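Peer 1: The chain contents come next:
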Amino acid sequence: MIPENIKKILSNEDKKVATRKAYGERLAELGEKNKNIVALDCDLSKSTMTALFARKFPDRFFNFGIAESNMISAAAGLSTMGKIPFASTFAVFASKRACDQVSISVAYPHLNVKICATHSGVSIGEDGATHQAIIDAAIMRAMPGMVVLSPCDGTETKKVIDRIAEYKGPCYVRLCRVASPVIFNESYNFEIGKGIKIMEGGSATIISAGFTTHIAMQAARKLEEDGIEVDLINMVSIKPIDSKLIIESAKKTGLVITVEDHSVIGGLGGAVCEVLSCNMPTKVVRLGVQDKFGSSGSPSELVSAYGFDAASIIKTVKENIC
Amino acid sequence: MEEDKRKELEEMAKKIRVDIVEMLCESGSGHPGGSLSLADIFSYLYFSGIMNIDPKNPNKKDRDRIVLSKGHACPVWYAALAEKGYFDKSHLKTLRKYGSMLQGHPDMNKTPGVDMTTGSLGQGLSCAVGMALGAKLDKLGCRIFAIVGDGECDEGQIWEAAMSAFHYKLDNLIAILDRNSLQIDGYTKDIMNSEPMINKWKSFGWEVIEINGHNLDEIESSIEKALNIKNKPVCIVANTIKGKGVSFMEGECGWHGKAPSEEEKEKAIRDCMCKA
Chain A
1 MIPENIKKIL SNEDKKVATR KAYGERLAEL GEKNKNIVAL DCDLSKSTMT
51 ALFARKFPDR FFNFGIAESN MISAAAGLST MGKIPFASTF AVFASKRACD
101 QVSISVAYPH LNVKICATHS GVSIGEDGAT HQAIIDAAIM RAMPGMVVLS
151 PCDGTETKKV IDRIAEYKGP CYVRLCRVAS PVIFNESYNF EIGKGIKIME
201 GGSATIISAG FTTHIAMQAA RKLEEDGIEV DLINMVSIKP IDSKLIIESA
251 KKTGLVITVE DHSVIGGLGG AVCEVLSCNM PTKVVRLGVQ DKFGSSGSPS
301 ELVSAYGFDA ASIIKTVKEN IC
Chain B
1 MEEDKRKELE EMAKKIRVDI VEMLCESGSG HPGGSLSLAD IFSYLYFSGI
51 MNIDPKNPNK KDRDRIVLSK GHACPVWYAA LAEKGYFDKS HLKTLRKYGS
101 MLQGHPDMNK TPGVDMTTGS LGQGLSCAVG MALGAKLDKL GCRIFAIVGD
151 GECDEGQIWE AAMSAFHYKL DNLIAILDRN SLQIDGYTKD IMNSEPMINK
201 WKSFGWEVIE INGHNLDEIE SSIEKALNIK NKPVCIVANT IKGKGVSFME
251 GECGWHGKAP SEEEKEKAIR DCMCKA
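For the record, the sequence lines run as chains A and B.
Position 5 (the first sequence) corresponds to 5 in my numbering; numbering is contiguous.
Position 258 (the second sequence) corresponds to 258 in my numbering; numbering is contiguous.
No lab work stands behind these hints: they were computed from the structure.
The structure displayed is predicted, hence computed values, not measured ones.
By construction, the Cβ of each residue, glycine as well, lies at the ideal position given by its N, Cα and C atoms.
Some hints could be false.
Here are the simulated DSSO-like pairs of lysine-lysine, each with C-alpha atoms no more than 30 Å apart in a straight line [unchecked claim]: (1) A:318 / A:292; (2) A:56 / B:139; (3) A:46 / B:225; (4) A:56 / B:61; (5) A:56 / B:232; (6) A:33 / B:60; (7) A:96 / B:200; (8) A:21 / A:197; (9) B:61 / A:35; (10) A:46 / B:169; (11) A:33 / B:189; (12) A:33 / B:97; (13) B:7 / B:225; (14) A:35 / B:139.
Cβ-to-Cβ under 8 Å is the rule here; a few derived chain A residues that face chain B [as the list claims (entries may be wrong)]: (15) 58; (16) 61; (17) 62; (18) 73; (19) 74; (20) 75; (21) 78; (22) 80; (23) 101; (24) 109; (25) 319.
The following block holds chain A by itself, in its conformation from the complex (with noise of 0.2 Å):
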């Protein structure tokens, strides 16, 4: 069951975007009110597009080439003279190549800078394994002091973008290639460290993040059809994590499935699992990728052979609850 305060923010569109798409125009658009700001990218400006950035503000936009050690260390170089950079490359980059960088260069000083990966989890598609991010977020959170992010849709990678502008500190966001359903309107707001429900039930609580967020959405209504109604929380902030919201659910409804297009180890599973073992021991089910790589393959095919679509969530559900 939806909410009716949640309706009130559901978008009614029909309508596709690519976090990664709101992403690089929301950026634009700040660039403007931000003088500030300044884009860094690594030879994948027209993928995740920080073109768009690059086109309006030229001087403000960093090109580093295929480098992307270089461009995370000169980000936190460029943080340090005042300036909030937004260091984007595909997440695989970002997240293992530059890992070092990342954690001495940024987190360790905890400076200002966000870095906004694009191209997270096997539903990016027919590339394959090399570059399916899918241990991104286990890294960047394990960076003391890291902020991690994973909006579901276009609206909210738009809040989550003017949201870390402000924030003073350093930010991973997780992006995606692929046009996923826009969910919320633009009345939806965004905190860092806040989770929202969505769908309101009893039986089972499913947690999800990011890309999967909308097949989750689409599994929780087939559910409701089949009298199995249950809470579906979108969990944009993987850290810090809304600890309160994933306690009172799992409480009420004793069972716990979380959805993520990322391994099961160490992303928003183990976050989740973390919050219960100490504060409310509950069975979770974590939907992901298992301890495997990814694979090319089309979007749908990688999600549902690597058992994180509907049909798989709904079958979790039905097998786990009492």
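With chain A fixed as given, assemble chain B onto it according to the hints.
Peer 2: Positioned in the frame of chain A, the structure of chain B alone reads:
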């Protein structure tokens, strides 16, 4: 350079060397070799008046910046900052101890005057590139000095940074390469031959000035020249002696990351006090 000025800077280099030996002996660990090789350069940078800095206002916006990309040499930086008055000299005794403002590698949030956190080799020069870009955007007119090690040049990131500094024509960025020819496991030529070092920097589009890194006149003329070069970054390749000033440490790779004992300290301090 005027005789008086040279004498003053030589004396300061000696003081810095003594500080390095004393603080490392007190901490029981740290990196003397690559700190001592930089003492003359740091004496010049902080005490010749070449840098736009103010120890009473260490965060002033238009200050010149130093990034110690070879972060393990921080004892030389801490000594220079203390001598300059950024903090009380008594802090030097706390080097590497729990709760100290003087961490084992530079921490910009703990130490006044430290402009960038470094320690993982290769990253500092990239940070300096970012600073130089930021300084140009705001037309601050400040200069960024990045102190790079020759062993550090094994890191690929140094060359990524070098490429980008040339690409963005960062004439407000000066790299000073502490070419002491040693790294932890031995001579750089044996461990990872980085020759021809000078031609490498030249081929990356940098202006290169080669000097004796212990000769204050050469340090001065190279920096003055570097500050006037337009449209490209400058690398001052400073040929140095690792452990310079302490007879038994000079040119010995065993003194890369080892503190002197109490007995060795006395001898080391006597050496430092002698004429360079």
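Peer 1: For each hint given before, does the structure comply? Return the numbers of the non-compliant ones in rising order.
Peer 2: 3, 11, 12, 15, 16 and 25
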